[in-house]
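Peer 1: The listed protein sequences derive, respectively, from chains A and B. Here the first sequence is numbered in this note's numbering, starting from 1 and rising by one per residue. Here the second sequence is numbered in this note's numbering, starting from 472 and rising by one per residue.
By construction, these hints were calculated from the structure, which means they are not laboratory data. Where hints are given, some of them may not hold.
[Unchecked claim] Simulated pairs of lysine-lysine, BS3-like, Cα-Cα distance not exceeding 27 Å:
(1) B/K537 with A/K162
(2) A/K336 with A/K320
(3) A/K16 with B/K526
[As the list claims (entries may be wrong)] Only part of the chain B face toward chain A is listed, based on derived beta-carbon distances under 7 Å:
(4) I487
(5) E488
(6) A498
(7) K502
(8) N546
(9) S551
(10) A574
(11) K598
(12) T601
(13) I633
(14) Y636
(15) I648
Small disclaimer: the values here were computed from a predicted structure and weren't measured. No residue lacks a Cβ here, since even glycine has one placed at the ideal position from N, Cα and C.
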Amino acid sequence: MSKTLVEKIWDAHVVKSEVGFPDILYIDTHLIHEVTSPQAFDGLRKRGLPVFRPQQTVATADHNVPTLNQLLPIKEELSRYQVDMLTKNCAEFGIELYGLGHPFQGIVHVIGPELGITLPGKTMVCGDSHTSTHGAFGAIAFGIGTSQVEQVFATQCLLQQKPKTMKIEVNGELGTGVTAKDIILYIISKISAAGGTGYFIEYAGSTIEALSMESRMTICNMSIEMGARGGLIAPDQITFDYIKGREFAPAGEQWDESLAYWKTLYSDADAKFDSVLSFNSEDITPMITYGTNPGMGMGIAEHIPATANQISSEQASFQKALDYMGITGDTELVGKPIDYVFIGSCTNSRMEDLREVAEFVKGRQKAENVTVWIVPGSKQIEQQAIAEGLDKIFEAAGFQLREPGCSACLGMNEDKIPAGKYCVSTSNRNFEGRQGPDSRTFLASPLTAAAAAITGKVTDVRTLLNETVNH
Amino acid sequence: MKKFEKLTSAIVPLNIENIDTDQIIPARFLKATTREGFGENLFRDWRYNGDNTLKNDFVLNNPEFKGQILVAGKNFGCGSSREHAAWAIQDAGFDVVISSFFADIFKGNALNNGLLPIQVSDEFLAKIFTTVGQSHGAQLTVDLENQTVTIADTGDQTEFEINAYKKSCLINGYDDIDFILNQKNLIEEFEQAR
Chain A
1 MSKTLVEKIW
11 DAHVVKSEVG
21 FPDILYIDTH
31 LIHEVTSPQA
41 FDGLRKRGLP
51 VFRPQQTVAT
61 ADHNVPTLNQ
71 LLPIKEELSR
81 YQVDMLTKNC
91 AEFGIELYGL
101 GHPFQGIVHV
111 IGPELGITLP
121 GKTMVCGDSH
131 TSTHGAFGAI
141 AFGIGTSQVE
151 QVFATQCLLQ
161 QKPKTMKIEV
171 NGELGTGVTA
181 KDIILYIISK
191 ISAAGGTGYF
201 IEYAGSTIEA
211 LSMESRMTIC
221 NMSIEMGARG
231 GLIAPDQITF
241 DYIKGREFAP
251 AGEQWDESLA
261 YWKTLYSDAD
271 AKFDSVLSFN
281 SEDITPMITY
291 GTNPGMGMGI
301 AEHIPATANQ
311 ISSEQASFQK
321 ALDYMGITGD
331 TELVGKPIDY
341 VFIGSCTNSR
351 MEDLREVAEF
361 VKGRQKAENV
371 TVWIVPGSKQ
381 IEQQAIAEGL
391 DKIFEAAGFQ
401 LREPGCSACL
411 GMNEDKIPAG
421 KYCVSTSNRN
431 FEGRQGPDSR
441 TFLASPLTAA
451 AAAITGKVTD
461 VRTLLNETVN
471 H
Chain B
472 MKKFEKLTSA
482 IVPLNIENID
492 TDQIIPARFL
502 KATTREGFGE
512 NLFRDWRYNG
522 DNTLKNDFVL
532 NNPEFKGQIL
542 VAGKNFGCGS
552 SREHAAWAIQ
562 DAGFDVVISS
572 FFADIFKGNA
582 LNNGLLPIQV
592 SDEFLAKIFT
602 TVGQSHGAQL
612 TVDLENQTVT
622 IADTGDQTEF
632 EINAYKKSCL
642 INGYDDIDFI
652 LNQKNLIEEF
662 EQAR
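Same shape as in the complex, but just chain A (with noise of 0.2 Å):
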């Protein structure tokens, strides 16, 4: 029978499938970090239950270290407690850690794919919606509550109900100045912050196909704001050269049996899918939210739509965005100044990322008003970044990189916007207080944020894309 490879990935990973049950799904890697998993160790000791597969589970801390001088200890009390505690939870349950000061540290799902951890075919979960980042890969990756981290860590497995399955093509070449970001901020804006929910997605198409794995995985990271539990794209010779040399990736014998199976790793021709989705890469233009949820997104160049034009049961909650984001219906976002913008988080931290803002920034200066945060999103792309110099361009440019971490995303350490004020991020939620209290996001591409500090208000960044600058 034909298969999506949605169903050939699950199918693999079936230990029981009975009538009237969630299947019993295996799962090869459990990454873990401090926020979503003491209360899951904590569960494991009342019952008196070891980690049963500890070694297909790693861990790192992202979410509440500092960004600045890591070797220190962390100044907030409560977010150097669960850092601790992770450590120790760690080392008593036989846990690999990556923690603050070890060479791999980083975001969570930057570190699984550049330690060659993710892998095409694999079953991977985490305490963090963003997994699904993993299914660049061709994996079955997914986010799960602390309940069901400490059901991975108590039998490898979980109960799941097999997931509806949705195709989503993009079809056509990118126009200047449009990025993975753009192409994943469009079909959020067309299916809007609820319209992936119950599915996981493939995304395909010739697009899709072109694109690098690190833009890969800014795509199918933000399918949970879509509402879909994950997304993932049929590994191809882009995804095996990736993969091939990282520290943790098979080798040898190891390697060829492993690429013969990925190779049988795509949806067959004629299999079904519950949904199907279709865009033109012409359409997208540069990307930019205007609202309250990822799905409150435009073209950078189009007015903000007006709260008559939506319909009456939504008009109270579109309207509520706007005044929070203290903007107006039907007029331009372009020109509007901004105070801060953020380059970085598990959607947009990696080497390409900082590339592409370092040759765009390179001669030029931030405006004054903009204080600018490069977070990179992992130890090793830090090294890399001040190994090509890319350190010395942000410098010069007045932006400022930092030390790995979750940082500016989440409002949870100590990097947040402060209350009124307007960040261009390139991070995946654009929630209230979502960058700390009161603060106003704009989600955009790291080009686009990029722009923006030049500039100092929203850009379209193909107006500065034209012009000469002086290397």
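Given chain A, put chain B in place with the hints provided.
Peer 2: Only chain B this time, still in chain A's reference frame:
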């Protein structure tokens, strides 16, 4: 896990769509390492001003609305996978959340903690909001065994769906770990067969 069978209680209405888990409990309050005490910071930035005084116009601060059933606009619980959102709602005294649409992860987290998420139609949700708008303190009866929700004032009733396995977990108070642990031999067999 906490058991659930039947509940009659007043409605606490929150007629806002796309309530995300950052609103339910902001990240800066996720630093506790136990499951208790998150209720204090439920809807923190909607309940409190920056100086920690109460915002009087928010429904949870209105003494006319005290109950165990939270009713919210569609796409409730979107965003982060933080189970702290379900813990906070439960810790604040709620046993049921009703909406016309739930985000997947939130729904699973709620069920894993004995907090019952009930999805009703947009029309029925509108009826609940209308009823409670006219009569603060209006009550609902939730019957899990028969899978019904009834508006006490009007007698309007609707059925809701719930996975049969999850229903039995709630009624009996057992959880997924209990269920899988009893079948650990199958997991080991699966591993050996690979």
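Peer 1: Does each hint hold? Answer for all of them.
Peer 2: Status of each hint after checking the structure:
| no. | hint | in the structure |
| --- | --- | --- |
| 1 | B/K537 with A/K162 | violated (38 Å) |
| 2 | A/K336 with A/K320 | holds (19 Å) |
| 3 | A/K16 with B/K526 | violated (51 Å) |
| 4 | I487 | holds (6 Å) |
| 5 | E488 | holds (4 Å) |
| 6 | A498 | holds (4 Å) |
| 7 | K502 | holds (4 Å) |
| 8 | N546 | holds (4 Å) |
| 9 | S551 | holds (5 Å) |
| 10 | A574 | holds (6 Å) |
| 11 | K598 | violated (13 Å) |
| 12 | T601 | violated (13 Å) |
| 13 | I633 | violated (12 Å) |
| 14 | Y636 | holds (5 Å) |
| 15 | I648 | holds (5 Å) |
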